[in-house]
Amino acid sequence: MLAELGLAALTLALAGALYAIVACLYSVRAGEVRWLQSGRNAALLTCPALLLATGALAIALLTEQYQLSYVYQASDPGTPTLYRFTALWGAQRGSLLFWSLLMSGFIAGAILLNWRDERRLMPFAIPIMMASLAFFVGLSLFIENPFERWWILVDMPAEQQAVSSALIPPRAVPPSEASLQAGAEGMNPLLRHFGMVIHPPMLYLGFVGFTIPFAFAVAALASGDLSNNWLRATRRWSLLAWLFLSLGLILGGRWAYDVLGWGGYWGWDPVENAAFLPWLVGTAFIHSVMIQEKRGMLKVWNMLLVIAAFSAVMFGTFATRSGVIDSVHSFARSEVGFPMLAFWAAMTLLALALLAWRWRQGALRDERQFAALLSRESLFVLNNVIFIALFVAIFWGSFGLPITSELFLGKEVTIGAPTFEFYVVPLFIAMYILMGVAPLAAWGGMALSRLGGMLRLPLLLTALSVLVLTIIGTDLLVAALGYGVVLFAAFVALVEVARGVAARRRLLGENPLRAFVALFGRNQRRYGGYIVHLGVTVIGIGVIGSTIFQTEEQHTLNRGETVTIQDYSLRYEDFLRAQAVDGRLMNIASLVILRHGDEVARIRPRIDEYPQLPMSIAGAHSTLENDFYVLLIRGDRQRATFRIYINPLVNLVWWGGLLLILGTAIAAYPKAQR
Amino acid sequence: MSQADWEKPKHPLKRKRSQRLQFITAGAVLLVSLLYLLVSGTLQGARYFITVAEVLEDPAHHGPTLRVSGAVDGESIDYDSENAIIRFEIVHIPSQYDDLAQALHAALSDDAAPRMKIVVADAAIPDLLQHEAQAILTGALESDGIFHASELLLKCPSRFEESSPPEALGQIPEHN
Chain W
286 MLAELGLAAL
296 TLALAGALYA
306 IVACLYSVRA
316 GEVRWLQSGR
326 NAALLTCPAL
336 LLATGALAIA
346 LLTEQYQLSY
356 VYQASDPGTP
366 TLYRFTALWG
376 AQRGSLLFWS
386 LLMSGFIAGA
396 ILLNWRDERR
406 LMPFAIPIMM
416 ASLAFFVGLS
426 LFIENPFERW
436 WILVDMPAEQ
446 QAVSSALIPP
456 RAVPPSEASL
466 QAGAEGMNPL
476 LRHFGMVIHP
486 PMLYLGFVGF
496 TIPFAFAVAA
506 LASGDLSNNW
516 LRATRRWSLL
526 AWLFLSLGLI
536 LGGRWAYDVL
546 GWGGYWGWDP
556 VENAAFLPWL
566 VGTAFIHSVM
576 IQEKRGMLKV
586 WNMLLVIAAF
596 SAVMFGTFAT
606 RSGVIDSVHS
616 FARSEVGFPM
626 LAFWAAMTLL
636 ALALLAWRWR
646 QGALRDERQF
656 AALLSRESLF
666 VLNNVIFIAL
676 FVAIFWGSFG
686 LPITSELFLG
696 KEVTIGAPTF
706 EFYVVPLFIA
716 MYILMGVAPL
726 AAWGGMALSR
736 LGGMLRLPLL
746 LTALSVLVLT
756 IIGTDLLVAA
766 LGYGVVLFAA
776 FVALVEVARG
786 VAARRRLLGE
796 NPLRAFVALF
806 GRNQRRYGGY
816 IVHLGVTVIG
826 IGVIGSTIFQ
836 TEEQHTLNRG
846 ETVTIQDYSL
856 RYEDFLRAQA
866 VDGRLMNIAS
876 LVILRHGDEV
886 ARIRPRIDEY
896 PQLPMSIAGA
906 HSTLENDFYV
916 LLIRGDRQRA
926 TFRIYINPLV
936 NLVWWGGLLL
946 ILGTAIAAYP
956 KAQR
Chain B
376 MSQADWEKPK
386 HPLKRKRSQR
396 LQFITAGAVL
406 LVSLLYLLVS
416 GTLQGARYFI
426 TVAEVLEDPA
436 HHGPTLRVSG
446 AVDGESIDYD
456 SENAIIRFEI
466 VHIPSQYDDL
476 AQALHAALSD
486 DAAPRMKIVV
496 ADAAIPDLLQ
506 HEAQAILTGA
516 LESDGIFHAS
526 ELLLKCPSRF
536 EESSPPEALG
546 QIPEHN
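Keeping their order, the protein sequence lines are chains W and B. Just add 285 to the spot in the first sequence (first one is 1) and you have the working numbering. Just add 375 to the spot in the second sequence (first one is 1) and you have the working numbering.
Bear in mind the hints are in silico, worked out from the structure with no lab data behind them. A quick note: this is a predicted structure, and the numbers were derived from the prediction, not measured. Using N, Cα and C, we set each Cβ at its ideal position, and we do this for glycine too. Treat each hint with caution, since some may be false.
Under the rule of at most 25 angstroms between Cα atoms (straight-line distance), these lysine-lysine pairs were calculated in the BS3-like manner [said to hold, decoys possible]:
| # | chain 1 | residue 1 | chain 2 | residue 2 |
| --- | --- | --- | --- | --- |
| 1 | W | K956 | W | K696 |
| 2 | W | K579 | B | K492 |
| 3 | B | K492 | B | K530 |
| 4 | W | K579 | B | K530 |
Here are a few chain W residues that sit away from chain B, every Cβ distance over 12 angstroms (derived from the structure) [unchecked claim]:
| # | residue |
| --- | --- |
| 5 | M286 |
| 6 | W320 |
| 7 | N326 |
| 8 | P365 |
| 9 | D554 |
| 10 | V585 |
| 11 | A678 |
| 12 | P711 |
| 13 | A715 |
| 14 | A783 |
| 15 | R807 |
Just chain W, same shape as in the assembly (with noise of 0.2 angstroms):
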């Protein structure tokens, strides 16, 4: 039953997203406005039809109907209730559905938020969107099925009895419940984790939330109206987007962390670089977006980076789930490859086609040229070289050397990640020293004094600070000016948060509190930036120290035994065997942490054994300062062996990416209409 209403869903799906392609491009040829209408309602109907087909996965996971292959192969009797529910994107096709499900939910709240203001570009918009969505239901319809159900054909020998199929074939019969029950695969252990409810989703909101300002770009070229509004009209959705995506990454990082047990948190595997690369022509896009705002410039470029953001996205999508490229992350080999290719190619294409036969007519000519080099344009084209280098370097890296290697050398060639880290260590100081200096540059081009004296307290700050971690035994020389570099944007964003709360302190004669809330609300564009700048600066401290001044060491305890490793002390207390309710047996241990004598806390890594591997979970004593991460390797009730790792500020790349979020979230949240 629940198998055919996900069907049925999933067929009105993709028939309302085809019929709003065909009647909104009818209702440009027609000029009736009611064709546009019901196109919009096909296209409005998609979510619901989504809504319904998930929740009909849903209910099917979480009751167990493993005649669903889907079912059958994410879970098992013994999987927890929450894992049972996140098993819908846990795996191939229930994250496809997800997917598609979650565009719809970013389309139908486009259309809806923007139908009154823009309604000359939602002809083409929504048939863009709708090529987008029927692209990706048509996958799960016809290719990676989620609603296809285990059948036991009785004419056919016994090896080829059993089939997965959508549609009940001739002469077939459901298998047993008993034979189900006991043949669930059940879910990959890597993904029962709490990083795991969450940060999928994101991740996929940040990819699908692209697809509107895709979409609108697209739609101003093919209509004409090459005016700002496509840029009004998608402005908060790409901020959204790049939340999300920023939001998915971090999460990303973090399960990282917990689950892979190498004490890190970026490993630059492919499919994190397939994820990164829209943040990245998202973030260049978002800057270069003020200018055309502004100053009537860089419209090409904009379009440029809008097309590329969405590309960038429809490449990695069908990187990771074409299962072409080797990656922890990467689903399974698929079927799904070379139509992904193939949507990727015609919609690039297109949009690039479009751009260009609008560019020849002229009609993307710039208001302005660019006058001086020291003005807040010129650094933001700079700042968008910055991202589009770091873009190409690692794009080259991951994906462009291995594919012409293999074209022009018949043999693959890869970097490793110490050569990633060569390529992007300058362009992030670049990107840093940037983020302190454009935001004070004035529009049109200012003088290098002028500027000069905005950066002098900054700077102060800046060296103050150096000359105190010098001090306090930041010993080497190449961190200390680490951190002056991302420290100096921090100061830049603080002190101007504080020039403008003594301004209205000055002006209206405001309290400190009210002046600086007022500020926010007054610009929450400019201010929410400056949190997200800060936010940045935070993580920026949090890899500079995790990273450089992280320790490794590997010890075998006798129980009651104690490893010193700088200030911390290790005791091994215990170690037990325990069986958890899904079944798996955990071995766990005991260990005290103390610090300068005192004991500070107790850990207990384990390893968990599902039937497919063991996982190692390990124990951590977080603070601001660090990490104390501790990975049990194997042992008994007399002796264990450890991997300890001291991860100096690592926790500040999850707190700024927090202050990241709501700055983001500042500069998005929309003003009350007055």
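Dock chain B against the given chain W, drawing on the hints supplied.
The following block gives chain B in isolation, referenced to the frame of chain W:
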């Protein structure tokens, strides 16, 4: 007045040219720096990604740092936890395959397939280091005939992918 009209366009034009020159110079310097970064990084860090058979057969691959991929033989895994040294063997898998899980299984079923001993020093034993996992190693084949790896990545496709229908399902339920 007429002199002013004659004078006016001259200076902006000159200024415009000098500004354009500034932008072109800055852009060129930037582009060259970025290209240098990309090319020098690639030349330093690029590693051939090759198979076990290629490493063993070609003496040119003995010594230099390479990236090699193979199937992990579960029985050969040995972890010296006192000294944090992982030892295991990998078996040749072809560079092209349709299904990784099948390629790994076929490699380990073939007794004649080329094998290579691996040592990874100062490492925690990864959870994914299991029989029929794919190991991607960065390191060098030393004169002792052992591949000394500095980096180890693993993938276990057979454990999580939807495989062919389990035989248990092929039994027709009694109530039917």
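May I ask you to check that W/A783 keeps its beta-carbon over 12 angstroms from the closest beta-carbon of chain B?
It holds; W/A783 is separated from chain B by about 32 angstroms at its closest Cβ, greater than 12 angstroms.
Given the hint that W/K956 pairs with W/K696, test it: the Cα-Cα distance must not exceed 25 angstroms.
55 angstroms, violated
Minimum Cβ-Cβ distance from W/P711 to chain B exceeds 12 angstroms:
6 angstroms, violated
When you check the alpha-carbon spacing of W/K579 and B/K530, does it fall within 25 angstroms?
50 angstroms, violated
Please confirm whether W/A678 is truly not at the interface, meaning its C-beta sits more than 12 angstroms away from all C-beta atoms of chain B.
6 angstroms, violated
Compute the least Cβ-Cβ separation between W/D554 and chain B, then decide whether it is above 12 angstroms.
The claim breaks: W/D554 does not keep its Cβ more than 12 angstroms from every Cβ of chain B (closest is about 8 angstroms).
Beyond 12 angstroms from each Cβ of chain B, as asserted for W/M286
19 angstroms, holds
Measuring Cβ to Cβ, find out whether W/A715 lies farther than 12 angstroms from everything in chain B.
10 angstroms, violated
Does B/K530 lie within 25 angstroms of B/K492 when you go C-alpha to C-alpha?
19 angstroms, holds
Any Cβ of chain B at or closer than 12 angstroms to W/P365, or is the non-interface label fine?
Given a closest Cβ separation of 18 angstroms, the condition holds.
Is it the case that W/V585 keeps its Cβ farther than 12 angstroms from each residue Cβ in chain B?
16 angstroms, holds
Closest CB of chain B to the CB of W/W320 still more than 12 angstroms away:
43 angstroms, holds
Hint compliance for this structure: hints 1, 2, 4, 9, 11, 12 and 13 are not met, and every other hint is.
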